[in-house]
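Protein sequences, first through last, are from chains Z and P.
Those letters in the first sequence? Residues 1 to 198, per this note's numbering, in order.
Those letters in the second sequence? Residues 1001 to 1381, per this note's numbering, in order.
It should be emphasised that the hints constitute simulated quantities derived from the structure, not laboratory data.
There's no promise every hint is true.
Which bits of chain Z does chain P cover? Going by a derived footprint, with three or more residues having C-beta under 8 angstroms, they are [stated by the list, open to error]:
| id | region |
| --- | --- |
| 1 | 46–56 |
| 2 | 75–82 |
Pairwise CB distance ranges, derived in the manner of DEER restraints [claimed, not checked]:
| id | chain 1 | residue 1 | chain 2 | residue 2 | range |
| --- | --- | --- | --- | --- | --- |
| 3 | Z | His94 | P | Gln1267 | 40 to 50 angstroms |
| 4 | P | Ala1358 | Z | Ala17 | 39 to 49 angstroms |
| 5 | P | Gly1273 | Z | Arg80 | 53 to 63 angstroms |
| 6 | P | Thr1296 | Z | Asn143 | 47 to 57 angstroms |
| 7 | P | Ala1238 | Z | Arg95 | 32 to 42 angstroms |
For glycine and all other residues, C-beta sits at the position ideal for the given N, C-alpha and C.
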Amino acid sequence: MNSGLRPDLALISDWIAPGASVLDLGCGDGALLDWLQRHKGCLSYGVEIDDEQVLQCVQRGVDVIQRDIQAGLGMFKKTRFDVVVSSMAIQATHRTEYVLREMSEVGAEGIISFPNFGHWFHVWSILRGRMPVSREMPYQWYNTPNLHLATLRDFEDLLRSLELDIVDSAFLANGRPVSAFAILRATQAIYRFRRRGS
Amino acid sequence: MDAKGSVGPVVAQAMHFDTPLKLSSGAVLGDYSLVYETYGELNAARDNAVLVCHALNASHHVAGYYADKPTEIGWWDNMVGPGKPLDTGRFFVIGVNNIGSCFGSTGPGSIDPATGDPFGPDFPVVTVEDWVHAQARLADRLGITRFAAVMGGSLGGMQALAWAQLYPDRVAHAVVIASAAKLTTQNIAFNEVARRAIINDPDFHGGRFYRHGVVPRRGLEVARMIGHITYLSDDAMAAKFGRNLRNEEYSFSFGVDFEIESYLRYQGEKFAGYFDANTYLLITRALDYFDPARATGGRLDEALAPVTADFLVVSFNTDWRFAPARSREIVEALLSTKRHVTYAEIQAAHGHDAFLLADRQYHGIVRGYFERIARRIGGGS
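Chain P with its partners taken away, still in its complex shape (with noise of 0.2 angstroms):
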């Protein structure tokens, strides 16, 4: 059903930016580049841009491919295309990469022109709002005043949210997909293990590590394979790797005999070679730290009283790391205000991970709801 074409090959682009940007923790970051990619065009009346945020590991790749890496496919790319849920046929679609990321925008492996050497552990830590700023930054440069839509899932639905909050008027609808208001206890305790994991990794170097040649291999590793069974549900990965075996018989060894230890040693070794375990630590406290409604005492009706967007909020049943009891928070909250709230509850095996794939009712929804939003805008051809 979403088997439509994909948007081809894409270049990223990069901005640069150097208006100081004062974050939440009192740092500054005095200047800073951004990269992001863009799909479909800007329309006239400039009004149906729609912002998508990424999470924890990916970027501003949303969509298509690289003509030099024609396997680099982007991470949304069953999402967003021409026919596809949210259609860069009738959506000017733009992909960014977050500071403190590592695939491009300003982040701890940049040169600090202060030192000539990387960040490293001086890169500011950085919040979802922080990203929020920036990202707006960019949407002022690029001539958009007000998003059709920004949209995203797990911590990019968190950015989602927070846009609504702190930028009421430049955003007409949200698009929050297995997300949250804030993280749950054992959600922040599981981010802790990871980041530990990378900490006490002799090659860490206290974040340093750029200057010794070296990666904290084994503690990404770890991070990455807990990260990875929390994102899966029981079921699924039962329904995957059972108890199946490698070789037929037990080693009685601490090698590989479950094929769900080598999947996850081949994930862990896989996302340490491309991802900065800075940049680890440093997205996994931007999720803890996020809680709108820290600032109302915990009443979140309160924190999102000035949100004037129509959201759309998705979870998934299986999705324990970022439960639908989590989206019905928000739902609620925002029902609390009278603001426009759709809630689709997808049932689907996979755990978190499902946002990312191609359930047909969970793609139904969405593109259901982008066509009511391009029958808003008249966005249509």
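The following block holds chain Z by itself, in its conformation from the complex (with noise of 0.2 angstroms):
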């Protein structure tokens, strides 16, 4: 995997192709698109709504557009991306399906990870009677930006029936990749999807 890169944001490079163009909404700091500058001589944008994250972004040389993601993709609707990334944000948007739409307009292809709700270590502190607090979701539940989470089964549902095909899929636990009982074992999933059809 690459290094110096987050677990799954190495993960999803891997999964990019020399000099395509992205779209990473969300992008944080940055530090996937510098990535792939650098070393696939991708041509890509960030979209991002934290100042001080925006400002990383544009000291290290990224391209970004401050922009809610939640205000729509209308901006980016005349450019195709070969593209269209979101990591570790979807669950922080408050329509997350039509987020999950408009990627896959803007895009040929999409790439998402999540925090997977199902890990076991959720399901045990629920039934402790505690909200989980775990190190992808390290918020109380009453200061949490996160607002929709979802398993693996109901976010490849949600894919399905939005007519978006999975590619590939991958899990991580503690960055770690699993395989095996991903569902409860996984921290973090990512899901590489197409257009049905496309």
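Combine both chains into one complex, guided by the hints.
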């Protein structure tokens, strides 16, 4: 895997072809795009709303568009991207289904990573009567930015209902790949999908 | 954070051009002068030059001060200087006064060689594109074939955009702040009110007020007052002045009761004391006419197809005269042709005026972007 990147970003970067045009929704400090520019010669843009993160993108030379992705991707519709990425951001959107639909319109391919709410530790927490607090979701119930939490099956159902076909998937437990019993063991899930028939 | 040094005392220079300049209108300016200032040093590779374009009422005096007038500080001095976001320790910065202006470059107040009188209303209407062509000739004479960046706010941003479109080989980066690819209807309407105020002032004399030894002060004052209202946000104005009264009680007259009235009158009077009425008409017209997509049936992406420069576009959330939506139109067009573009929307209370103020986030973005430019040209020390 690509050293220096967060494990889910490293996996995502493996799925992106050299020279691809990439839009990263909720790009944070631009680490993924920076890597893709340097190592794969990708033409990439990040979308980020947070001032501090936008500043970090500019400082590291990553092109960033300051915009709330929930306002829609209208300004990107005239552009066709090879890949639209959203890493660890989709669960914090109000209109998750809408964002997913928009992603599939703007890009030939979508890649999404999100925290797996079905992880056994979360189940265990709830059995003990507590909302889960974990590395991927380090918030209390009253201050979490996460709105739409999903299990792997939930997410797969949504992709299906939007007629998006899964091309690839990968699962991580605290940064390490897992395959067996991913439904319970994965802390993060990463899906790569395309519009049906495309 | 940005309270670094000034470029210090500066000297304005003038350059004369005797090759006729054909204007967008079809008219020809036989010969003309441009007044400009430079800060920093042009490097050996001649690739660290940055052109700063001015807006409506500003000039070539971008940074520093004049030795004999130490209070006359450049209009973008908080942005341009040693250690400032546009660092004159790395970049060779040029400020140029546009033709039609009233700060030294050939304009309506200059003497028309054909008549021996000031041009006045006979000065041709100039466009943003005309300014850019004139600036390009100045660049030629200064030995600059390609700018590291062309930068401007408001009307200055329009010039940066036009540069990238008209001279794609000569602009590596365009920095377009609080600007638009065309004015809105409302914006043209404001300009028209300002122009009518000037033209209807009896002291305007059809633009030949110079020979009458008067200035259409009342018209200029009203024009400036309208401008000021639109450059500020409603909230900023309320926060600064509220309904504060000059005296404790209403005067029950039409004199100055409210602080805001006093402020606007002061700004108007100050402006009328130094700004040329014909120049105000010309520059607002240049604003109105700017619309690069007019030639492509309204399609800005097609109009900007020749662009090769990378862009930084910045807007301010309370700017209603050059609203963020206008900047996003530019970004959208550049994205659709897969140009490198970065866009920041700054949360700032001051409306359009925010582009002249030293907001931390705003200056951080511009600084970060120019550092990227400096890395590319290897123009560091």
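Verification of the supplied hints:
| no. | hint | verdict |
| --- | --- | --- |
| 1 | 46–56 | holds (count 3) |
| 2 | 75–82 | holds (count 4) |
| 3 | His94(Z) / Gln1267(P): 40 to 50 angstroms | 43 angstroms, holds |
| 4 | Ala1358(P) / Ala17(Z): 39 to 49 angstroms | 43 angstroms, holds |
| 5 | Gly1273(P) / Arg80(Z): 53 to 63 angstroms | 55 angstroms, holds |
| 6 | Thr1296(P) / Asn143(Z): 47 to 57 angstroms | 50 angstroms, holds |
| 7 | Ala1238(P) / Arg95(Z): 32 to 42 angstroms | 34 angstroms, holds |
Every hint, counting from the list given before, is met by this structure.
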